[in-house]
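Visitor: Sequence:
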Amino acid sequence: MTASTKLHGVLAIGTIDGEFNDMAFGLINGNTEMLKIKSSYTNDKIADAKVLATIVEPTPTEPVRGTYLKWGVSIGVPVLLRTIVRPRDFVYLESIGILKTESGERIGFSLMHSIQIPTIRELSEYQIVRANASICVLFRQKSSGKIELYVKGFVDAMGDIHHCVAVPATADALMSYSKVVHCGQMKKLNWLLKTRKTVILDHGSDCVVCMNAASRPKSCQVCSNNMCSRCSVTKKLSFLSPTTRRVSQRSMIFCVRCLLAAFKADALEIAAEELVRQNPFDFYEASTNSTPSSKIVSPSSTNPDATSEFFG
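Going by full-length UniProt numbering, the residue at position 48 of the sequence shown is 48; the numbering climbs one at a time, nothing skipped.
Just to be clear, a hint being listed does not mean it is correct.
[Stated by the list, open to error] Derived lysine-lysine pairs resembling PhoX-like cross-links, with alpha carbons at most 25 Å apart:
#1 Lys194 <-> Lys152
#2 Lys235 <-> Lys218
#3 Lys45 <-> Lys152
#4 Lys264 <-> Lys142
#5 Lys146 <-> Lys236
#6 Lys194 <-> Lys179
#7 Lys218 <-> Lys179
#8 Lys100 <-> Lys45
#9 Lys152 <-> Lys142
#10 Lys236 <-> Lys218
These aren't lab readings, by the way, just hints derived from the structure by calculation.
With the hints as extra help, turn the sequences into a complete structure.
Guide: Below is the structure:
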């Protein structure tokens, strides 16, 4: 990342709700498919992305440790300005992991830094400007259910873009880190949905949670038991198409008992389980009977493919 007079810096410090392991699980994305799953949950303004190379792979003993070479194109500017402000893309190294202090406290980190690789050319024919960024994210468990978060980022947007556009766009992108816990929680719900062992209890139309009669009972997507409207929760889960690998989101209904079971599951154990499964995307691949209400959230096929378009 070269020195520039147009370098814009943003600092964010505060606390968010959540657990440390969920934050770490939400951050790790060692392949293009999981990178897009994360983007769908955090709304990080990334229009397209690809993992170009893996430098350090996660292991079952360190499932949220990894270093990668990545590419991403951002559409972080307001919608009304997208016709006059060209999108920016980034080629960067990203390292994610957990360290321990001398006292034994765990500190999670995510470091991103732009690099220049001559063989990865700029995509000027797509009107995309190659920009630079450097972002440091640190987090720790401050108390039960509370995470202390430190995010510092510098962005050189390159080209003619006013600071009144660049700074808010940078801040908006960095705020997506506050949604990483949600990403980890939803990935755990993906896991529970695919590994469930359905046990239907004989309660007739009564709610399986509160045991009250349900006038219009709904069926939980995990346990398949009936539940009333007060004991049901709707969540949007992201899935990969088995054929196109595009990401879509589906609204699914769960009973509060199964939802709580997913949220209480150990995220690092699930991350380790993903690594040893024969199909690492098993938790996230959609079934063939997709619902009509599914919403496609993955990038448009008109975007350049990172492998075929970058090199040469």
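Visitor: Decide, hint by hint, whether the structure agrees.
Guide: Quick rundown of the hints versus the structure:
no.: 1; hint: Lys194 <-> Lys152; verdict: violated, 36 Å
no.: 2; hint: Lys235 <-> Lys218; verdict: holds, 14 Å
no.: 3; hint: Lys45 <-> Lys152; verdict: holds, 18 Å
no.: 4; hint: Lys264 <-> Lys142; verdict: holds, 18 Å
no.: 5; hint: Lys146 <-> Lys236; verdict: holds, 23 Å
no.: 6; hint: Lys194 <-> Lys179; verdict: holds, 23 Å
no.: 7; hint: Lys218 <-> Lys179; verdict: violated, 29 Å
no.: 8; hint: Lys100 <-> Lys45; verdict: violated, 32 Å
no.: 9; hint: Lys152 <-> Lys142; verdict: holds, 19 Å
no.: 10; hint: Lys236 <-> Lys218; verdict: holds, 17 Å
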